[in-house]
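Participant: Chains as they are written, first to last, in our numbering: chain A, 1 to 125; chain B, 1001 to 1377; chain C, 2001 to 2166.
Just so you know, the hints here were simulated from the structure itself, not pulled from any lab data.
Just so you know, not all the hints are guaranteed correct.
As the list claims (entries may be wrong) - Non-contacting residues of chain C with respect to chain B, defined by C-beta distances greater than 10 Å in every case (computed):
{"hint": "1", "residue": "L2036"}
{"hint": "2", "residue": "E2041"}
{"hint": "3", "residue": "S2052"}
{"hint": "4", "residue": "K2058"}
{"hint": "5", "residue": "A2096"}
{"hint": "6", "residue": "E2129"}
{"hint": "7", "residue": "S2132"}
{"hint": "8", "residue": "S2134"}
{"hint": "9", "residue": "L2159"}
To be verified - Pairs of lysine-lysine residues, derived as DSS-like cross-links and limited to a Cα-Cα distance of at most 27 Å, are as follows:
{"hint": "10", "chain 1": "A", "residue 1": "K6", "chain 2": "B", "residue 2": "K1272"}
{"hint": "11", "chain 1": "A", "residue 1": "K125", "chain 2": "B", "residue 2": "K1213"}
{"hint": "12", "chain 1": "B", "residue 1": "K1272", "chain 2": "A", "residue 2": "K125"}
{"hint": "13", "chain 1": "A", "residue 1": "K58", "chain 2": "B", "residue 2": "K1272"}
{"hint": "14", "chain 1": "B", "residue 1": "K1063", "chain 2": "A", "residue 2": "K78"}
{"hint": "15", "chain 1": "B", "residue 1": "K1267", "chain 2": "C", "residue 2": "K2028"}
{"hint": "16", "chain 1": "C", "residue 1": "K2089", "chain 2": "C", "residue 2": "K2101"}
{"hint": "17", "chain 1": "C", "residue 1": "K2028", "chain 2": "B", "residue 2": "K1132"}
Computed from a predicted structure; not experimentally measured.
Note that CB positions come from ideal geometry on N, CA and C, so glycine has one too.
Listed below are the residues making up each chain.
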Amino acid sequence: MSDLFKYIVQIILVCLVTLGVHIMVLAFMDKPLFDNQIITAYAGNVALAVLIVMGLLKVPETLQNSRGFLFLLGSFLKFGFFFLAFYSNFKVDGAIQRIEFFAFFIPYAAALVMETKCLIDRLSK
Amino acid sequence: MVIRQVIMQFTRALFFLAVLVLIQPVFLTASEHSEHASDSTESTQIVYQEPAQDGMSMKQEIKAHIQHHLQDGHDFHLYTDTETNTHVGFPLLVILLDDGVQVFSSSRFHHGESVAESNGNFYALHHGKVYKTDAAGTFEMRDGHVHNEKPLDFSITKNVFSIMAFALMLILLFTGAARSYKKSLVPSGSAKFLEPLIIFVRDEIAIPNIGEKHYKRFMSYLLTVFFFIWLVNLFGLTPLGINVTNSISVTFALAVMTFVITQFSGKKEYWKHIFWMPGVPVPMKILLAPIELLGVFIKPFALLIRLYANITAGHIVLMSLIGLMFIFHSWIGSTLSFGLSVFISFIELLVAALQAYIFTMLTALYFGSAVAEHEDH
Amino acid sequence: MEKLIEQFSVGLFFWQTILFLVLVFILKKYAWKPILDSVSEREDTIRESLESAEKAKKELTELQSKNESLIIEAKIERDALLKEAREIKDKIVNDAKGEAKEEADKIVKAAYAAIEAQKSGAIAEMKSEMASLSISIAEKIIRKELSSDEQQKSLANELVADLKLN
């Protein structure tokens, strides 16, 4: 339990810090701060990352070897999340702008790094 | 031993292919000269969908035919008589996910010449694909592309029908072979021919790549892939025009299955080698992780492209050579082209087996890497 | 690449996946498993029978070599027996010879001894005979003619002649 708790706190902390930096950069560039579903992107990615980490830690004994597979499955889940919640909104104006892309990609990358760290910890045990 | 023979055959085939490529320009220039005469020729060349128009040269006709031959279709089409414009073949089931499920016979399209109506929706074919349209069948064309809505198409197309037929053939063939073992352990009938192939897959592909310990789990998949691809490739060489492996969707499906099985059977060691490569310094580990992860996806992608490209290229070469026969008007040219196409057909026979072998081999290799225990670290 | 994506058909992908999985499962149950099982069973049978044949062959050769060694052993034993017998015979013969010789020697010796004894006995008897003879002679001489020297002398001569005769 404490392990899981530790990971969840780490994920939330890292994503909060990233969000802070992200917003600061946006403010510095005089861009709208909370546009492009940026909060949804962070919240969604954190939620999915927590879900995946939970899956990685609570995986039954028989599937211990398939943790990596679970990780990949989680990534596909995230792609699904992106296509369901963001893709159509981003595509409304015909193209995905750089700022839109980063609004999703930065929290995605941050959460991914944390998940990967968790997976590596598990694998190295 | 067998492998060495195959490799020898293959090198020989490659050599001839190289010779072929070298002499091809000769034919091409020859065909340029004879082009002007081609309008007046009488031929039994088959053209689908777009009947030979005035001004459409023989070369274009052949190109269209090759394109069509390589394409999937909504009916099982054998050939078309251009003179009378009659089609020989049989219709198949169209299943569309649009406004609920629409199921109707492909005969309603009249080989792409008319609009099909189902529950108040109108559909029409353009280049073998189903588009939603109105009662008049108008296509919204923009820069050469149709911009009509495309319904999700789960039709039993020619390829799907062929896959079903192949599956049935494989089931009949191998359950028949399996039955012969009930009588005695000595193979009889078709098993006599099939058993060495099965043993080849087991001893030359599965065991060396996966290892004694784990190979049994993957045998069913490897054998099915091997015989499926081989049979499909062989049938692709017949004039029936069933080319399942040169359809990217089929090879993609096979590659996805290989990918999923590989990742699912991946052991702890396998994942560790991807995400946290043992035995290298930490910065290298961080650098290697994305590369290795990318490699996980690239490997099956290479698999699908290899099979697709090889078979498609073979068909194009073969059909181009056959097409040359109609372009040549001289006795010598046609004979040469005929000889070459016969020759390429033989090579294609070899390629059919070779591609099945390579696909199965690489699949086994990936499985092997997934279950490897890396005692050496 | 674009052409490839354009060619991609979700329907075909879907059908291929479904049909292929069904094919794998049907073939696994009704073809691959029975065929592979029979093949491996047959391979096992072949291996086992080869092994047992090999074993039998080995046993046979072992038996043969055993037989051979037995024969050799028997031969050696026979030879040894023969040798021993010969030795015994020789010994017996030699012993007999020795004993016989000894016996003969003994007999000869005994004979010598007897002869010697008889001889010495005879000599002793003769000596005593001679002594008694001499005494009787001397008595006769002394009794008859001890009166003259002549007579004494002739008597002495006579005696001496007698002695020489002996």
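Participant: Does each hint hold? Answer for all of them.
Facilitator: Right, here's what the structure says about each hint:
The beta carbon of L2036 (chain C) is not kept farther than 10 Å from every beta carbon of chain B, the shortest such distance being approximately 6 Å. Against chain B, the non-interface label of E2041 (chain C) is violated: not every CB pair exceeds 10 Å, the least being about 6 Å. The beta carbon of S2052 (chain C) sits about 17 Å from the closest Cβ of chain B, which is more than 10 Å, so the claim that it is off the interface holds. The Cβ of K2058 (chain C) sits about 26 Å from the closest Cβ of chain B, beyond the 10 Å cut-off, so the non-interface label holds.
Listed as outside the interface, A2096 (chain C) is consistent with that label: its C-beta sits roughly 79 Å from the nearest C-beta of chain B, beyond the 10 Å cut-off. No beta-carbon of chain B is positioned within 10 Å of the beta-carbon of E2129 (chain C); the least distance is around 126 Å. The claim that S2132 (chain C) is not at the interface with chain B holds, since no C-beta of that chain comes within 10 Å of its own (minimum 130 Å). Under the 10 Å C-beta cut-off, the non-interface status given to S2134 (chain C) relative to chain B holds; the minimum distance is some 133 Å.
Listed as a non-interface residue, L2159 (chain C) keeps its Cβ farther than 10 Å from every Cβ of chain B; the least gap is roughly 138 Å. A hinted pair counts as satisfied when its Cα atoms are at most 27 Å apart, and K6 (chain A) with K1272 (chain B) qualifies at roughly 22 Å. At roughly 24 Å between alpha-carbon atoms, K125 (chain A) and K1213 (chain B) fall within 27 Å of each other, so this suggested pair holds. A C-alpha spacing of about 11 Å is found between K1272 (chain B) and K125 (chain A), which places the hinted pair at or below 27 Å, so the restraint holds.
This hinted pair checks out: K58 (chain A) and K1272 (chain B) have alpha carbons roughly 19 Å apart, not beyond 27 Å. Distance hint between K1063 (chain B) and K78 (chain A) is unfulfilled; the C-alpha atoms sit about 43 Å from each other, more than 27 Å. Using a Cα cut-off of 27 Å, the hinted pair K1267 (chain B) and K2028 (chain C) holds, with the two alpha carbons roughly 24 Å apart. Distance restraint check for K2089 (chain C) and K2101 (chain C): the Cα-Cα separation of roughly 18 Å lies within the 27 Å cut-off, and the hinted pair is therefore satisfied.
Distance check on the hinted pair: K2028 (chain C) and K1132 (chain B) sit about 41 Å apart at the alpha-carbon level, beyond 27 Å; violated.
Figure legend: structure checked against the earlier numbered hints; hints not met, in rising order: 1, 2, 14, 17.
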